[in-house]
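There are 2 protein chains.
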Amino acid sequence: MIRSLITLLSVLLVSTSAGQQDPLPSWNDTETKRSIVAFVDSVTRSSSPNYVKPEKRIATFDNDGCLWAEKPVYFQLLFAMDRIRELAQEHPEWEDEEPFKSVIEGDMQGVMASGEEGLLKLVGASHGGVTADEFSEAVSNWFDTARHPETGLAYTDMVYQPMLELLAYLRANGFKTFIVSGGGIDMIRVFSEDVYGIPPEQVVGSSLEATYEMRDGEPVIVKQPGIDFIDDKAGKPVGIHRHIGRRPIFAAGNSDGDHQMLQWTAAGDGPSFCLLVHHTDEQREWAYDRDSHVGKLDKALDEANERGWTVVDMRNDWASVFRDR
Amino acid sequence: MIRSLITLLSVLLVSTSAGQQDPLPSWNDTETKRSIVAFVDSVTRSSSPNYVKPEKRIATFDNDGCLWAEKPVYFQLLFAMDRIRELAQEHPEWEDEEPFKSVIEGDMQGVMASGEEGLLKLVGASHGGVTADEFSEAVSNWFDTARHPETGLAYTDMVYQPMLELLAYLRANGFKTFIVSGGGIDMIRVFSEDVYGIPPEQVVGSSLEATYEMRDGEPVIVKQPGIDFIDDKAGKPVGIHRHIGRRPIFAAGNSDGDHQMLQWTAAGDGPSFCLLVHHTDEQREWAYDRDSHVGKLDKALDEANERGWTVVDMRNDWASVFRDR
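Just so you know, the protein sequences line up as chains A and B, in that order.
Residues in the first sequence are numbered from 1182 upward in steps of one, following my numbering.
Residues in the second sequence are numbered from 1182 upward in steps of one, following my numbering.
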């Protein structure tokens, strides 16, 4: 009797508040928003033929260019360069060695010219050779002080308000939200819980080799310079399989690096929703797609158009871009 | 006002039901049980100096010998051998090749004599070369039909009732429960949700290499024969770091394979609880420790005694062993 009363009151409270609030206020009332809401309704309403049990409501989100900005280059690269400059005092040999020389001189073109091999060296030297705790602290300090070269904003303020609302909306509807990023897992975990509401155990990303060691009688996890896993392109479904072990029913990305994740999601047995964020807003953010050196969106855009995946037109679909502060 | 009423009624209901039910009925009223309850109380009571926020209540459990039995050998090896025999028709060359020859002839000693290299061949041939979906189906079929050679029980009925209660008790107290096993992640995921209440995304284990491929226009994850990661011994803290990204405050194991996981847990900044299941019951299960070829418990037992970790004496601490049916 008491339990029934509680149930009744809870239902009243929930339906009242649901009727009052738009869960996606930063999304304009366009077809994009309506398609998201219609999908969520169709998989959560118990009478729906597309109903999906809560434990299977897995949603995966790319990070760079999907949850936060990625121009002029991936923020992780900016962190790596700042960190190399910080560590350069202990490495006088870097003055004559690429890509370190270019990093120290602030020559982005030189850094890019060092190619994939150069970038791997940079990642190894800036992310490896420290304990996991030391690395987290370095990232955390960087976020506290570094500012974006064009907007002057803290990097964690360059996350997209509409996507924050989308994450919260999905969670309120029983979804478990994951990040599945080509970026480094240990870097994203430093801010994902505070900023996105996504706990470390729901972050999938690229990683370095790691070892367990005793130092002065205390165990530590040491990040090694070698790459363990690249969670990008065909690596994304593999990373999803490895970490989540269940196919998403909702996946969001913005580039060809997300193409296979969206394919994998769309090929599931039940209902699915694939979203691509298309950067079309050079006023409030940046406009780029097929020819961009970061966040190149080409083949995935073609497939989205062919298969009717939802493409966010940032300029028209979003009422605001960066997160409210 | 309505909200306050609900809160009040909820508190009444919860405290009433808590007073009525023992959450660990298969645990005898010994020091072991009392130490578990005291720890959980100390980290969940908001007025406690050891209070831990819910998002940091990470609990990790070994599987073989901790959540289910592991004698006469790891159940995964029994699956592998059954599967090799099933696949042998397509591999006439196995008749003259170890360890396959011994497997086909049912010669366990011969299998063991093939050493680590032989076991890796066995794992590669029995677990690799199929899609992840095909593998899950093979495991699922095996669980439906295979029976333990000594007890005649289904393998999923050889899980420990007291540990099921412990998992549920921790979850009811805001813990997130994970499996961290040396066994194969894709095998455990087939039954972990149904049997342990642990979803696939909370299973950490050893894995094979995997690739993403298109077959007849459909994307698949293919399990390759090569080993990707061994989640055992020093690999366990690494696997925890990689998958969970947060240090456990509660860890349970039963062998030296869990030693580093327990060390890592105990070395955290805040309160922690380390549990070792000691197999002391040759009547209801098996009795073994320092000299066993599976589940060898030697160094971890010494450290448990030195550091006051809780050691379950299966014979005296558990009122029942295998799960209620």
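Mixed in with the good hints, there may be bad ones.
A pair counts as met if it fits within one copy or between any two copies, since identical chains are not told apart.
[What the hints assert, rightly or not] Below, simulated EDC-like cross-link-like pairs (lysine to aspartate or glutamate); rule was C-alpha separation at most 16 Å, straight line:
#1 Lys1302 - Asp1263
#2 Lys1234 - Glu1374
#3 Lys1414 - Glu1394
#4 Lys1357 - Glu1236
#5 Lys1357 - Glu1278
#6 Lys1414 - Glu1278
#7 Lys1252 - Glu1331
#8 Lys1234 - Asp1375
#9 Lys1252 - Asp1338
#10 Lys1302 - Glu1390
#11 Lys1480 - Asp1470
#12 Lys1480 - Asp1437
Just so you know, the hints here were simulated from the structure itself, not pulled from any lab data.
The structure displayed is predicted, hence computed values, not measured ones.
Hints and how they fare:
no., hint, result
1, Lys1302 - Asp1263, "within (15 Å within a copy, 46 Å between copies)"
2, Lys1234 - Glu1374, "between (25 Å within a copy, 13 Å between copies)"
3, Lys1414 - Glu1394, "between (32 Å within a copy, 12 Å between copies)"
4, Lys1357 - Glu1236, "both (8 Å within a copy, 15 Å between copies)"
5, Lys1357 - Glu1278, "neither (45 Å within a copy, 47 Å between copies)"
6, Lys1414 - Glu1278, "neither (31 Å within a copy, 39 Å between copies)"
7, Lys1252 - Glu1331, "within (9 Å within a copy, 63 Å between copies)"
8, Lys1234 - Asp1375, "between (27 Å within a copy, 14 Å between copies)"
9, Lys1252 - Asp1338, "within (14 Å within a copy, 54 Å between copies)"
10, Lys1302 - Glu1390, "within (14 Å within a copy, 24 Å between copies)"
11, Lys1480 - Asp1470, "within (10 Å within a copy, 57 Å between copies)"
12, Lys1480 - Asp1437, "within (6 Å within a copy, 50 Å between copies)"
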